[in-house]
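Per the working numbering, residue 25 is the first one in the sequence shown, and the count goes up by one each step.
A few of these clues could be false.
[Said to hold, decoys possible] Here are the simulated DSBU-like pairs of lysine-lysine, each with C-alpha atoms no more than 30 Å apart in a straight line:
1) K105 <-> K266
2) K266 <-> K231
3) K105 <-> K157
4) K326 <-> K226
5) K218 <-> K126
6) K303 <-> K266
7) K238 <-> K171
8) K217 <-> K303
9) K231 <-> K335
10) K303 <-> K157
11) K218 <-> K105
12) K171 <-> K126
13) K126 <-> K238
14) K218 <-> K266
15) K238 <-> K226
16) K231 <-> K303
17) K126 <-> K226
18) K217 <-> K231
19) K226 <-> K335
20) K326 <-> K266
Rather than coming from a laboratory, the hints here were simulated on the basis of the structure.
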Amino acid sequence: MQDSDAKHPGFFVKPSSRDPSYKSRGRLVPIALESQVSSSLKKGFVEDSENPQTSAASTGGKFSGRPVVCARCHSLRHYGKVKDPTVENLLPEFDFYHAVGKRLVSASGARSVVLLVVDAVDFDGSFPRRLAKLVTEAIDENYTNWKEGKSGNVPRVVLVITKIDLLPTSLSPTRFEHWVRQRARDGGAGVIKKVHFVSAVKDWGLKDLVEDVKELAGARGHVWTVGMQNAGKSTLLNAMGKCAGGGSEAKVIHLTEAPVPGTTLGIIRVEGVLPGNAKLFDTPGLLNPNQITTRLTRDEQKLVQITKELKPRTYRIKVC
Numbered sequence: 025m026q027d028s029d030a031k032h033p034g035f036f037v038k039p040s041s042r043d044p045s046y047k048s049r050g051r052l053v054p055i056a057l058e059s060q061v062s063s064s065l066k067k068g069f070v071e072d073s074e075n076p077q078t079s080a081a082s083t084g085g086k087f088s089g090r091p092v093v094c095a096r097c098h099s100l101r102h103y104g105k106v107k108d109p110t111v112e113n114l115l116p117e118f119d120f121y122h123a124v125g126k127r128l129v130s131a132s133g134a135r136s137v138v139l140l141v142v143d144a145v146d147f148d149g150s151f152p153r154r155l156a157k158l159v160t161e162a163i164d165e166n167y168t169n170w171k172e173g174k175s176g177n178v179p180r181v182v183l184v185i186t187k188i189d190l191l192p193t194s195l196s197p198t199r200f201e202h203w204v205r206q207r208a209r210d211g212g213a214g215v216i217k218k219v220h221f222v223s224a225v226k227d228w229g230l231k232d233l234v235e236d237v238k239e240l241a242g243a244r245g246h247v248w249t250v251g252m253q254n255a256g257k258s259t260l261l262n263a264m265g266k267c268a269g270g271g272s273e274a275k276v277i278h279l280t281e282a283p284v285p286g287t288t289l290g291i292i293r294v295e296g297v298l299p300g301n302a303k304l305f306d307t308p309g310l311l312n313p314n315q316i317t318t319r320l321t322r323d324e325q326k327l328v329q330i331t332k333e334l335k336p337r338t339y340r341i342k343v344c
């Protein structure tokens, strides 16, 4: 932590010193008003019993319920860019395979469900081949141990294809699913429990996905959302939270989502989606060095980013 340069990581502001009279009898709350203070704390603010008009004016009569975010997330949410690219380069890299990979393939512990999120409009570029091979090897090894009576936690893989609203409407769903399964097997995902095609923007396929995830996770399972950078993981989880909460604002989760690769920096537990003691986690996106978009600047990425439905075109080639 440091307090010398606001542009560098770890900057904080020292709190001001307290008023020496903050423990005086005039500031104590009578016992009769303790229940009122308790109820106001549940609402998110403390009402001033001596000046209720000032308290009501300061809160606007109700609690907004907006999440408190850091300056980086605020810039990503409202402006679609990081606040300071120089500071962004100083952030430590996230070791995915050390922090998450070991938990996915562990033979002991809670049941593991892997949500493998892939972009529909860039399947090969957003498919995590190394991770898929790691999970497949763990499935084979743990299943063998389970058959021998040993501890064997077999991960369950759910392949989630996002952004299907950008695909042409003339595309055959059956042929597309067959192609997806074939490409996933070629990429190293040998055992896939379920395949879901979803659109977080138009709420397509979210209900079936949430129900299957709840069934596979059980009462105490751990669900890990993994995929390449900018594959739509955080957007998908926000949509799943809204679907699981029935559209209620009280249960809607607020993960930071932005078209900038590398938005999520660490493991985030997502509340309000799974029942019981089951846990859902969002993870930082993996970097694909062979993906062309990772080598472009932010302005260049905007030029190639697909935001509208793809339309097939037919070209006639004249052969002399």
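Now for the hints, and whether the structure bears them out:
The straight-line distance between the Cα atoms of K105 and K266 is roughly 25 Å, inside the 30 Å bound, and the hint therefore holds. Restraint check for K266 and K231: satisfied, since their Cα atoms lie roughly 10 Å apart, inside the 30 Å limit. A C-alpha spacing of about 33 Å is found between K105 and K157, which places the hinted pair above 30 Å, so the restraint is violated. Our distance criterion of 30 Å between C-alpha atoms is met by K326 and K226, whose separation comes to about 22 Å.
Note on K218 and K126: the hinted pairing holds, with a Cα-Cα distance of about 22 Å set against a maximum of 30 Å. Restraint check: the Cα-Cα separation between K303 and K266 comes to about 16 Å, which is no more than 30 Å; the hinted pair holds. Using a Cα cut-off of 30 Å, the hinted pair K238 and K171 holds, with the two alpha carbons roughly 25 Å apart. Under the criterion of a C-alpha separation no larger than 30 Å, the hint pairing K217 with K303 is consistent with the structure, at around 19 Å.
A C-alpha spacing of about 27 Å is found between K231 and K335, which places the hinted pair at or below 30 Å, so the restraint holds. At most 30 Å may separate the alpha-carbon atoms for a hinted pair to count; K303 and K157 meet this at roughly 24 Å. With a C-alpha separation of about 34 Å, the suggested pairing of K218 with K105 is violated against the 30 Å cut-off. Proximity of K171 to K126 is assessed by CA-CA distance (about 22 Å); at most 30 Å being required, the pair is judged to hold.
Under the criterion of a C-alpha separation no larger than 30 Å, the hint pairing K126 with K238 is consistent with the structure, at around 23 Å. Simply put, K218 and K266 have alpha-carbon atoms about 22 Å apart, close enough for the 30 Å limit, and the pair holds. Under the criterion of a C-alpha separation no larger than 30 Å, the hint pairing K238 with K226 is consistent with the structure, at around 22 Å. About 18 Å separates the Cα atoms of K231 and K303, which keeps this hinted pair within 30 Å; it holds.
Restraint check for K126 and K226: the C-alpha separation of about 35 Å exceeds 30 Å, so the hint is violated. Distance hint between K217 and K231 is fulfilled; the C-alpha atoms sit about 17 Å from each other, no more than 30 Å. For the suggested pair K226 and K335, the alpha carbons sit about 18 Å apart, so the restraint of at most 30 Å is met. Pair hint K326 plus K266 holds up; C-alpha atoms about 28 Å apart against a cutoff of 30 Å.
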